[in-house]
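Chemist: Here is how the chains run, residue by residue.
6 protein chains.
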Amino acid sequence: MGEFTHFDQNGNAVMVDVTAKEETERTAVAEGSIRVSREVFDAIVNHTAAKGDVLGTARVAGIMAAKRTPELIPMCHPLMLTKVAVDFEPEEETLLVKCRCTAKLKGRTGVEMEALTGVSVALLTVYDMCKALDKRMMISGIRLVEKTGGKSGHFVNPDLSL
Amino acid sequence: MGEFTHFDQNGNAVMVDVTAKEETERTAVAEGSIRVSREVFDAIVNHTAAKGDVLGTARVAGIMAAKRTPELIPMCHPLMLTKVAVDFEPEEETLLVKCRCTAKLKGRTGVEMEALTGVSVALLTVYDMCKALDKRMMISGIRLVEKTGGKSGHFVNPDLSL
Amino acid sequence: MGEFTHFDQNGNAVMVDVTAKEETERTAVAEGSIRVSREVFDAIVNHTAAKGDVLGTARVAGIMAAKRTPELIPMCHPLMLTKVAVDFEPEEETLLVKCRCTAKLKGRTGVEMEALTGVSVALLTVYDMCKALDKRMMISGIRLVEKTGGKSGHFVNPDLSL
Amino acid sequence: MGEFTHFDQNGNAVMVDVTAKEETERTAVAEGSIRVSREVFDAIVNHTAAKGDVLGTARVAGIMAAKRTPELIPMCHPLMLTKVAVDFEPEEETLLVKCRCTAKLKGRTGVEMEALTGVSVALLTVYDMCKALDKRMMISGIRLVEKTGGKSGHFVNPDLSL
Amino acid sequence: MGEFTHFDQNGNAVMVDVTAKEETERTAVAEGSIRVSREVFDAIVNHTAAKGDVLGTARVAGIMAAKRTPELIPMCHPLMLTKVAVDFEPEEETLLVKCRCTAKLKGRTGVEMEALTGVSVALLTVYDMCKALDKRMMISGIRLVEKTGGKSGHFVNPDLSL
Amino acid sequence: MGEFTHFDQNGNAVMVDVTAKEETERTAVAEGSIRVSREVFDAIVNHTAAKGDVLGTARVAGIMAAKRTPELIPMCHPLMLTKVAVDFEPEEETLLVKCRCTAKLKGRTGVEMEALTGVSVALLTVYDMCKALDKRMMISGIRLVEKTGGKSGHFVNPDLSL
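Protein chains in written order, with this note's numbering: chain A, 122 to 283; chain B, 122 to 283; chain C, 122 to 283; chain D, 122 to 283; chain E, 122 to 283; chain F, 122 to 283.
Note that these hints are calculated values from the structure, not bench results. Careful: at least some of the hints might be erroneous.
The list makes no distinction among identical chains, and a pair is therefore deemed to hold if it is satisfied within one copy or across any two copies.
Calculated pairs, DSSO-like style, for lysine-lysine (alpha carbon to alpha carbon, straight line, at most 30 Å) [what the hints assert, rightly or not]:
| id | residue 1 | residue 2 |
| --- | --- | --- |
| 1 | K227 | K142 |
| 2 | K227 | K204 |
| 3 | K272 | K256 |
| 4 | K142 | K204 |
Full structure from sequences and hints, please.
Modeler: So, in C-alpha cells, the structure goes:
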C-alpha cells in the first residue's frame with residue numbers, strides 16, 4: 122500500500138531523496154482539453170490555417186512551461202528534459218481542443234509533472250488568446266496518459282482507451 | 122461580435138496595447154477540481170487535520186504561480202496583484218477536491234488568467250504530492266467563475282450556479 | 122554633459138531612483154537583424170508560409186523576453202509594459218531577417234531596454250531554430266530606433282532613415 | 122543537406138529529442154561588440170580603472186543570463202553549464218567594446234545558445250548602463266566563434282580570423 | 122494588539138488584500154553582516170582595490186534579488202521598486218563585512234522584504250565567492266533598520282543606534 | 122593556502138570550470154535562526170499546532186528557493202538537487218526559531234549555497250509572515266553546519282557542537 126512520499130515522518134513537506142535512484146530513460150504523456158464555443162473553434166482553426174496562430178503560441182508556451190515545472194511545483198526535482206512536444210487536435214463535433222504533451226529525459230525521477238504542466242499552460246494560453254471572444258471556455262480532463270521508465274515501470278492510464 | 126485581440130492585422134501574436142485603459146479595481150474568481158481515489162482523499166483530509174499538509178503546500182504553490190502568470194502565458198501583461206487567495210473544499214461524496222482562486226488588482230487589465238493559473242498550479246501540486254498513491258487523478262472544470270471591473274463589466278459564468 | 126546615472130558617488134552600481142519621476146506614456150522601438158544563408162532564408166520563408174513557424178516562435182520568445190528585462194539587465198527597474206509587439210521582415214536581396222520590437226507603458230522609466238531585449242532574444246531564437254542548417258549566422262544592428270515620453274522627450278536615432 | 126530539427130513532420134515547433142545522444146564535453150565561444158561614442162568609451166574605461174564598473178556589472182549579467190538561456194529561448198534544452206566566462210576588450214581605435222563568452226558542459230546538447238545569450242545580455246547591460254550618455258550605441262557582430270564536442274565536431278567560424 | 126495578516130479566518134496563508142491602500146512613497150533600509158577570517162577579509166579588500174571584485178558582484182546580486190523578492194517570499198505582493206542600492210562596509214577590527222540595502226517605491230505596500238532580501242542575497246554571494254578560502258563564515262544581524270511611508274509610518278529599529 | 126577561485130588571472134568574476142570534476146554524492150546542511158518577540162513566538166507555535174502555518178509556508182519557500190540558487194547567486198553552477206528538506210525548531214527559552222536546510226545531489230559541485238539559500242529564504246518568509254506583529258525580528262547565525270562529498274571531503278563546522 123502506498124504512502125505519502127512528500128512528507129517526512131513529522132508530516133512536513135519535503136523534496137524526496139532520489140539520490141540513490143538510477144538514471145533511466147523516462148517518458149510521460151499527459152493530455153487535457155478546452156471546450157470552446159463554435160465561434161472560438163472556427164477562429165482557432167481558421168487562424169491556424171492562415172497566419173494568426175493560437176495553437177502555435179500555445180505550443181511554445183506549453184513547452185516553455187514544462188521546462189519550468191520545478192519552479193512552479195514546490196516538491197518537484199529540478200531535471201533536464203531531453204524532449205518536450207505539445208500537440209493539439211481540434212475536434213469539431215465536440216468543440217473540444219485536445220492537447221497532448223510528451224516529456225522525456227534520462228534521469229532519476231519521472232516527468233509526469235512536466236507533461237501535465239505543459240498541457241495545463243498550453244490550454245491556459247488558448248484560453249487567454251480567445252477570452253475576448255468567450256469567457257465560458259472550460260479546461261478539463263487533464264491527466265496522465267502513459268508513463269515509462271523508473272521503478273514503477275510502464276503505466277497506462279486504465280481510464281483511457283489509447 | 123468579438124474578434125481576436127491578440128493578433129495584429131497580419132495575424133501575428135501581439136501583447137495588446139492597454140496603455141489607454143483606465144486603472145480600475147478588478148477581481149476574478151476561478152475554480153477547478155481534481156478527482157482523487159478514496160485512499161488519496163482520506164490521506165489529504167487526514168494529513169490536513171494533522172500536520173502533513175498537501176493543501177497547505179498547494180495553496181502556497183497556487184498563490185506563487187498566480188504572481189508569475191505573465192512569465193507563463195505569452196501575451197499576458199505584467200501586473201501587480203493586490204490580493205491572491207487559494208481555497209480548497211474536499212467533497213467527500215464525489216471525491217473531488219475543489220479549488221477556488223481569487224485575484225485582485227487596481228490596474229489596466231483583467232486578472233482572469235492569474236486566477237486560472239493559480240487554480241491550475243494548485244491542483245497540479247495536489248497531483249504531485251499524491252501521485253505516489255494514485256496516478257489516475259484527473260483535473261477538470263477549470264473555468265472563470267466571476268469577474269468584475271474593466272470595460273466588460275461584471276461577468277458571472279452562466280454555466281455555474283454560484 | 123551627461124554622466125553615469127547607474128553609479129553612486131563612490132562609483133558603485135545602483136538602480137537609480139526614479140520615485141519622483143512622473144508617470145507618463147512612453148514608447149520605444151528597437152531593431153536588429155540576422156544575416157542568414159540562402160538555404161536558411163528559404164527555409165524560414167517557406168515554413169512561415171506553410172506551418173513550421175520560425176518567426177512565429179521567435180516572436181513569442183521576443184515578447185516574453187521583453188517582459189523579463191528587469192530580471193536580465195541588473196540595473197533596470199521592474200515595470201509594467203502595456204504593449205509589446207515583435208515584427209520581422211525577411212529581406213531577400215540582402216538575406217537579412219530584420220526584426221523590430223515596440224514596447225510601451227505608462228510609467229516612471231523608459232522602455233528602451235525592453236525593446237532592445239525583445240529584439241535580441243527574438244533574433245537569438247531565429248539562430249537557435251536554424252542552427253542545424255548553418256552556424257555562421259550573425260546578429261547585427263541592434264539599436265534604438267525611436268523613443269517617446271519622459272524627460273528626454275522624443276528621440277529619433279539620427280543614424281537611421283526612418 | 123540540413124533540415125529543420127526544431128519542427129516535427131507537421132511543421133510544429135518541438136524541443137528535439139536528445140535522449141539518445143551521448144554525454145560529451147562541449148564548449149562554445151561566441152562574440153559580439155557594441156559601438157560607443159568617445160565619451161562613453163572613456164567613461165567605461167576610466168570607471169573600470171577606478172571603481173565604477175560598467176564591464177564588471179555586464180560580466181555578471183552575461184554569466185547569469187547564460188545560465189537562464191533555456192528560459193529565454195523556447196526550444197533550448199535545460200542543461201547544466203560547468204563553466205561560463207565573459208570577457209571584454211575595449212578597442213580604442215574603433216570605439217568598439219568587444220565581448221566574448223565561453224560556455225562549457227558535459228552533456229547531451231551543445232552550448233552555442235548559452236554563449237550567444239551571454240554575449241547578448243552582457244552587451245545589452247553595457248547599453249543600459251551608458252544610455253544616459255548616448256542612445257546611439259549599436260550592438261553588432263554577435264556570432265559563434267568556435268564550438269567543440271558533439272556529433273558535429275569542431276566548428277571554427279570561417280568568417281573569423283581567430 | 123497585532124494579529125497575523127497573512128492568514129484568513131481559517132488560518133490559511135493568503136496574500137493580503139492591499140487594493141484599497143493608497144499609493145504612497147515608501148522606503149526601507151535593512152542591514153546584515155558576514156563574519157570572515159582575516160585571510161578572506163584581506164582578499165576581499167585587496168581585490169576590491171584592484172580588479173577582482175567580490176563586493177561588486179555581491180552588490181549586483183543583491184540588487185537583482187531585491188527585484189525578485191515576490192518570486193521568493195510566497196505572500197509578498199509584486200511591486201515596482203523605483204530604487205535599490207546595496208552598500209558594503211568592511212570593518213577591519215571586527216572582520217565583519219557589513220551590508221546595507223535601501224529599497225524605495227511609490228506603491229500600496231512596504232518594501233521591507235525587498236531590502237531584507239537584497240541584504241541576504243548580497244551576503245550569500247560574498248559567502249559563495251570566498252568559500253574556497255574559508256567555510257566558517259557566518260551571516261548575522263539581518264534586520265530592518267528603518268522604514269518610511271504607509272499606514273504604520275516611520276519606523277526606526279530601536280535596537281540600533283543609527 | 123587557498124586562493125579565489127571565482128576570479129580569473131585578471132581578477133574578473135567567472136563561473137569556475139568544474140567540467141573535469143567527478144560526479145559524486147554530495148550533501149550540505151546549513152542552519153540559521155530568527156529571534157522573535159514572545160508574542161510572535163506564541164503566534165507561530167499556536168498557529169502551527171492549529172491550522173495557520175507560518176512554518177509550513179516558510180518550509181515551502183525555503184525548498185523552492187534552494188532550487189533557484191543558481192539564479193540568485195551569480196557564480197553558482199546550475200545543478201540538479203536530488204533532495205531538499207527544511208526543518209524548524211522553535212526554542213522557547215531563547216525565543217529563537219531555528220531553521221536547518223539539508224541539500225543533496227549527485228554532481229560535480231557542492232551544494233553549500235543551496236542549503237544556505239534555503240535557510241535564508243525560509244527565515245525571510247517567517248519575517249514576512251510575522252512582520253505585522255513585530256518589525257524588530259533579527260535573522261542570525263546563518264552558516265554551514267556540515268558538508269560531505271567532493272574533493273574537500275567531509276567538513277564539520279568547528280564552531281558548532283553538533
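Chemist: The structure should be examined with respect to each hint, and the outcome stated for every one.
Modeler: For each hint, the structure was consulted:
1. K227 with K142: both (12 Å within a copy, 10 Å between copies)
2. K227 with K204: Result: close both inside a copy and across copies, 10 Å intra and 18 Å inter.
3. K272 with K256: between (43 Å within a copy, 14 Å between copies)
4. K142 with K204: Answer is both: 21 Å inside a copy and 12 Å across each meet the 30 Å cutoff.
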